[in-house]
Amino acid sequence: MLVLASLTVLSLDYHGEASRAITHVRNGVADALDPFQRGLASAMHPFGDAVSAMFHYGQLQTDNARLRSEIGQLSAQLAESNYASKLEAARLELTSLPFAGNISTIPAEVIAGASSDFEDTIEIDEGTSSGIGKNEPVVADSGLIGTVLSASATTATVLLVTDSRTTIEVQDERTGDFFQIQGNGAGRSLVLGPFGTSSGAASVGSELETTGQTDGSPASDYPAGLPIGRVASVHTSSSGALAGEVTPNVDLTSLQFVAVLQWLPPA
Amino acid sequence: MVQWIRLAAVAVLALVIQAAVLDQIVAWGAHADVLVILPVAAGLVQGPQRGAIVGFVAGVAADLVVQLPFGLSALTFVLAGFAAGLIARASAASDGGLADVVRCALLAVATEVLYVLLGAAIGQPGLLGAQTGRALGVIAVGAVLLSAPVLSIMRWCFLGARRGGWSSVPSGGSALS
Chain L
0 MLVLASLTVL SLDYHGEASR AITHVRNGVA DALDPFQRGL ASAMHPFGDA
50 VSAMFHYGQL QTDNARLRSE IGQLSAQLAE SNYASKLEAA RLELTSLPFA
100 GNISTIPAEV IAGASSDFED TIEIDEGTSS GIGKNEPVVA DSGLIGTVLS
150 ASATTATVLL VTDSRTTIEV QDERTGDFFQ IQGNGAGRSL VLGPFGTSSG
200 AASVGSELET TGQTDGSPAS DYPAGLPIGR VASVHTSSSG ALAGEVTPNV
250 DLTSLQFVAV LQWLPPA
Chain R
0 MVQWIRLAAV AVLALVIQAA VLDQIVAWGA HADVLVILPV AAGLVQGPQR
50 GAIVGFVAGV AADLVVQLPF GLSALTFVLA GFAAGLIARA SAASDGGLAD
100 VVRCALLAVA TEVLYVLLGA AIGQPGLLGA QTGRALGVIA VGAVLLSAPV
150 LSIMRWCFLG ARRGGWSSVP SGGSALS
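Chains as they are written, first to last, in numbering that gives the first Met the number 0: chain L, 0 to 266; chain R, 0 to 176.
Please note that a few of the clues may not be correct.
[What the hints assert, rightly or not] Facing chain R, according to a computed beta carbon distance under 10 Å, are these residues of chain L, among others:
(1) ASP12
(2) GLY38
(3) SER114
(4) PHE117
I should point out that these hints are in silico values taken from the structure, not numbers from a laboratory.
In this text, all values refer to a predicted model and were calculated from it rather than measured experimentally.
Ideal Cβ placement from N, Cα and C applies to all residues, glycine included.
Could you put the whole structure together from the sequences, leaning on the hints where they help?
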């Protein structure tokens with residue numbers, strides 16, 4: 000009976016009305032969990048970072064050398080401002096992103112990571128009460144990081160560009176050639192591929208950005224000109240098609256502040 | 000009735016701990032999962048019927064906080080709780096010792112494998128990949144650390160209840176039929 004109940008619920012999730020009801024329930028639970036996540040987020044960040052550090056020791060050694068050279072500068076800055084004002088500054092910086100153009104932004108703080116090990120999402124501390132809606136693009140200081148997957152009154156879930164469900168049309172910032180990139184899992188490079196019948200040639204180091212609406216294609220999920228990442232490698236697949244890897248501009252494993260763009264695909 | 004209340008309280012507490020604490024402690028891009036241990040522990044401690052029921056409750060709770068198909072966790076956990084109960088029934092009785100912890104951790108990992116396979120079978124992208132192995136490794140370590148306390152909590156939940164019995168399941172009946 001319980002197996003049948005589970006299968007029924009599973010099938011309901013694929014039906015429009017029931018799926019919307021499930022989304023409402025999920026949003027309600029997200030709102031209920033929000034105070035706990037906010038309350039523990041600041042306390043858990045240092046502990047979570049320490050655990051993460053244990054598993055990335057080699058990377059840390061490299062980072063350590065680089066960071067030592069920055070300590071002098073940061074020490075001076077720290078003397079001038081306290082931690083709270085720095086956080087506020089980071090938030091404010093996200094309200095005037097050059098690549099966002101005239102699109103208004105809503106800054107938000109990341110309060111939790113994905114609840115499943117098999118999806119790549121984050122929870123942010125702003126929701127529909129702040130004007131955030133489903134499908135709105137989410138950026139950090141140096142580019143696109145994802146899309147709002149669902150939003151409750153006080154929180155929103157963001158599907159990161161590295162999630163396997165994400166596919167984005169992009170173009171080479173310099174040559175204008177079109178490509179498609181797809182998520183490949185948390186902490187992994189994005190997968191580069193051809194866009195439709197486009198036969199553009201990508202080169203290592205090329206900067207990629209969103210295309211926006213292009214002639215003859217359906218409405219884009221993103222406004223034009225949002226930087227995403229840099230081509231890290233290019234090769235030809237066994238079928239002869241373009242293939243490669245793209246390194247995201249933003250380190251998605253250590254996000255703290257993001258901004259939601261008040262932009263929706265044209266109807 | 001008391002067992003139901005305890006079980007509901009444990010499920011809510013587990014959900015809060017998962018969302019507010021465990022989700023923040025990420026290693027190799029993955030984190031420990033306490034909800035998956037609940038049905039396995041219940042099955043080992045109380046048999047297949049209660050394992051399946053706890054699996055359904057824990058699975059629905061898990062489905063509420065992830066953005067994957069609703070019901071996938073419930074289905075997986077029901078099967079896991081029931082299987083854990085059958086394994087416990089076929090092997091030596093639960094002794095509360097190290098053997099229980101090892102069985103619980105192994106079954107928790109097996110449950111995640113089942114989750115991945117069922118998810119892939121219904122066409123969910125990204126479940127089978129390089130991340131899968133890392134996630135299973137982290138879940139295994141988490142399960143080893145969390146199994147002992149979860150087993151104790153499950154014993155407390157069903158304190159005073161007859162092993163294998165459940166008021167809503169008729170004698171000789173099955174929670175799966």
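Against the structure, the hints:
1. ASP12: It holds, given that the least Cβ distance between ASP12 (chain L) and chain R is near 4 Å, below 10 Å.
2. GLY38: holds (7 Å)
3. SER114: holds (4 Å)
4. PHE117: At about 5 Å, which falls below the 10 Å cut-off, the nearest Cβ of chain R leaves the hint on PHE117 (chain L) intact, so it holds.
Against the hints set out earlier in the document, no violation occurs for any number.
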